[in-house]
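With the hints as a guide, bring the two chains together.
Protein sequences, first through last, are from chains G and X. Going by numbering that gives the first Met the number 0, the letters in the first sequence line up with residues 0 to 297, in that order. Going by numbering that gives the first Met the number 0, the letters in the second sequence line up with residues 0 to 194, in that order.
One or more of the hints may lead you astray.
To be verified - Okay, the calculated beta carbon distance ranges per label pair:
(1) G:GLY234 - X:GLU141: 45 to 51 Å
(2) G:ALA93 - X:LEU16: 55 to 61 Å
(3) X:GLU146 - G:ARG101: 20 to 26 Å
(4) G:PHE233 - X:GLY45: 45 to 51 Å
No lab work stands behind these hints, which were simulated from the structure alone. Note that the coordinates shown come from a computational prediction; the quantities given were computed from them, not determined experimentally. Glycine included, C-beta positions come from ideal geometry on N, C-alpha and C.
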Amino acid sequence: MTVVTTDLDAAVADAAAHLYVWALKDIPQDLRDALAEAAGRETSVTGQRVLQTILKNVTVAEDEKNLVCQDTGIAVYYCKVGEHFPLHPARIYAALKEGTERATVEHPLRSNTVHTLTRENTGPNVGYRVPIVHWDFVPDWDGLDVKCVPKGSGSENMSFLKMCVPADGVTGIKKFVLESIVGAGGKPCPPGIVGVGIGGSADYAMHLAKEAIARPVGTHNQDPLVAELEQDLFGLLNETGVGPMGLGGDVTVLSVHVEHADTHMTLNPVAVNYQCWAARRASAHVAADGSTTFERDA
Amino acid sequence: MAAHQVTFPVTDPAEILKLRAGDEVIVQGHIIGIRDRTQIRIFDQGIEPPMDLSGAFLLHTAPNVRKVGPGQYEKLCIGTTTSARMVRFTEGLGSQYGVRAICGKGGFPDEAIEPMHRLGMVYFAIVGGAAALETTQIEEIEEVAWEELMPECLWKFRVKDFGPLTVGIDAHGDSLYREVQNRAKQKLEEIYARL
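Isolated chain X (complex conformation) (with noise of 0.2 Å):
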């Protein structure tokens, strides 16, 4: 298992292939928060989303924040939430818009890995509940899209050592959550039998 460093976002797709299901992420440059609300409005509601997603970094996220002036929040605490609720997004973030990564946290089952293959993105894993470490990687909070959503707004943040994070799935149609599945309902198997 490889580690490696990426910058946000990403104009070379061969960042993206260059990860492989397993490997160790450190992230530097701009990442995107998104949430349900917020891709319900891009893809049920069919309003464009005010922010370049291309090439971009998304996270699953509704950060609690401190508003500081219009249009100006402080981060508070900022972590990151459940990404299986959003799979359904995925072929349209990477086709319409051009996303490159999603990161969450438990993440994405196996309808993503299709997509993510044929498009070239990948599923990040973070730390569920690691939040306040996580708060410390985010330096600042440049944008907020769609404020009326709060907190599942569009937020863009500047990060600094953004991690670490495992690849959860690839851009070559391995995914580790499979994998583990998996294994782990072959041992159930293993399990039943002598219960």
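Chain G with its partners taken away, still in its complex shape (with noise of 0.2 Å):
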């Protein structure tokens, strides 16, 4: 049992540097698509310029094998841990640690972590309660999947809260993502992905915002109401001429995503998160035996 927990002590910090720097480095296929797409519509002058330099960019960083973006953000991971997985998620934690520690370090990554009233760097993008981890249980499995999302800091301070009252309804709801979006102008680097929690309470509403713009461009909630406020709102959205960069034009969102969870009766909690026009996400499956299988979207 030592030898195996130890195997994968080793085999999740390596799925986490791995998956650092891939999800930094590769963008999507997803993104590259709703960005060639959003150039085939755009006709603003300063919107074609800055799609134009977007794609020539994710071509370059291809060819140099550079970052995509120099903010290698707040490394965050979503697991999802199945209940016979034979590694506690504090040794996980401790392994995903370790491995954002070394990408960081051997790469190197420009380290961003700081005490937040110091402002003193903590580390190799390591520090209290960083990286941050999101947690999900799988009875009857015996898997880990791990989801690295690095969240660059202009996208993450566009995040906007609003506990709306009960009548203000859908209306309420769509009218706050409205004004956040256009008050977050090119601050967020637009075109992205906007998320939207929805209902729960309000930490989790910001919660689910956030699980929202890590979700591939093209997926619907499944919940047909909820998807049709998806599409409601990318309509709006567009509408808004803010465009690529905030400089104007007609594509201000590559798409909405909306996550919900069932509220209290006089709670209607609304929540904003931001994800940039290089959204960036990776993903690794680690089995029990500690093989590991790297996908987009495990």
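Listed below in structure tokens is the structure:
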């Protein structure tokens, strides 16, 4: 058992180290397609200038084997842990931290993590409660899925929460998303993915919004009512004319993803979390024997 | 919308005055990397920057670099950060140090329009996140000051064909950001009316 556990520690750390760098260098195909499609329909001169530069940048990153964006972000991981996976989440966390640190030192990547009051750097993209890891537990399974979402600060700074009241209804939700994205302007590097979390509680709505931005472009919420809200918001946001990098144009967002939870009868929370056009994500599946498969979306 | 080539640092104010909001600009010469902590040190702590900023082009950046010798760094990945956080330094950069251009991503809020108009400065919009491309346009890191602020030091880069940039705010009191925001807010009123 001990040997297996040691190997698994290494397998998870290796997976994290690989995922962090992979995510930063190679943006997902669904994003590339969405950006190309955006360039196809953008009619403003400044918008075209921005989109053509973005497309060129994605190719240059590939050719030069360089990072797409210099902001290596704050490392965020989503873990789905099978109930029979032979490594305890406490050890999984330690391995993810080790992998993040190793990737940062070996590549090397810019270290962004600082103490939130002193602003002093706390190490190679690790610190107290960093990386940030979200957990899900899966019954009757012995595997582990890890998704790495390095989150840049330009887009993360454009996060908004409003505790709408029930009487605000769906209209209130739509208005808040619209005013948030117009107010954000060019700061979160549009056109990107707008993540919206509705329902639950204040903290859970923001958690859902973050989960929403990590979904591939082209996926829809399974609840048809929520999927309709995604479509409505997508159309409305692209009417605002904010455009690529906030310089004006037809394409303000590439996609709108809404995640929801049931809530209290007197609550109507709405959270917005923005993901920039370089919407980075990468996943791995680690089997109980330590063998690892890398996939964009595990 | 015109397209221009400008070499920095500039000595002739006309080089800045010819630029209009929305124009495309490609930059040659030398540019200076600067960020939050660098400007906090200059303005809030009152420490003189050890680099000449007159006629300069400032880039809002905190690059990924590799140290190759004392005070010497090799570029790894150099990109641009959100400007809005640093707007309050605009007036001081222009009036005290003669800075002519500030380049970043996401735009400057309206409070930058008046000092830029008065002092003959421009704001250039770069494409945020396009760091791989930007890195290829930076030929060399020629000088680094205040290394203890790593990566928020003062950086001097030599660039070639840096851009394309868009004039976001010009020296004539026009801002593309204000224009886009005003139109978007009008549009929102229309949208709200049919929700």
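Legend entry - Satisfaction of the hinted span 55 to 61 Å by the C-beta atoms belonging to ALA93 of chain G and LEU16 of chain X: holds, 59 Å
Inset, instruction - Could you check the hint for me, namely that GLU146 of chain X and ARG101 of chain G are 20 to 26 Å apart, CB to CB? - result: This hint holds: roughly 25 Å between Cβ atoms.
Legend entry - Status of the given 45 to 51 Å range, CB of GLU141 of chain X versus CB of GLY234 of chain G: holds, 49 Å
Inset, instruction - For the range 45 to 51 Å, tell me whether the beta carbons of PHE233 of chain G and GLY45 of chain X fit it or not. - result: holds, 49 Å
Checked against the numbered hints given earlier, the structure satisfies every one of them.
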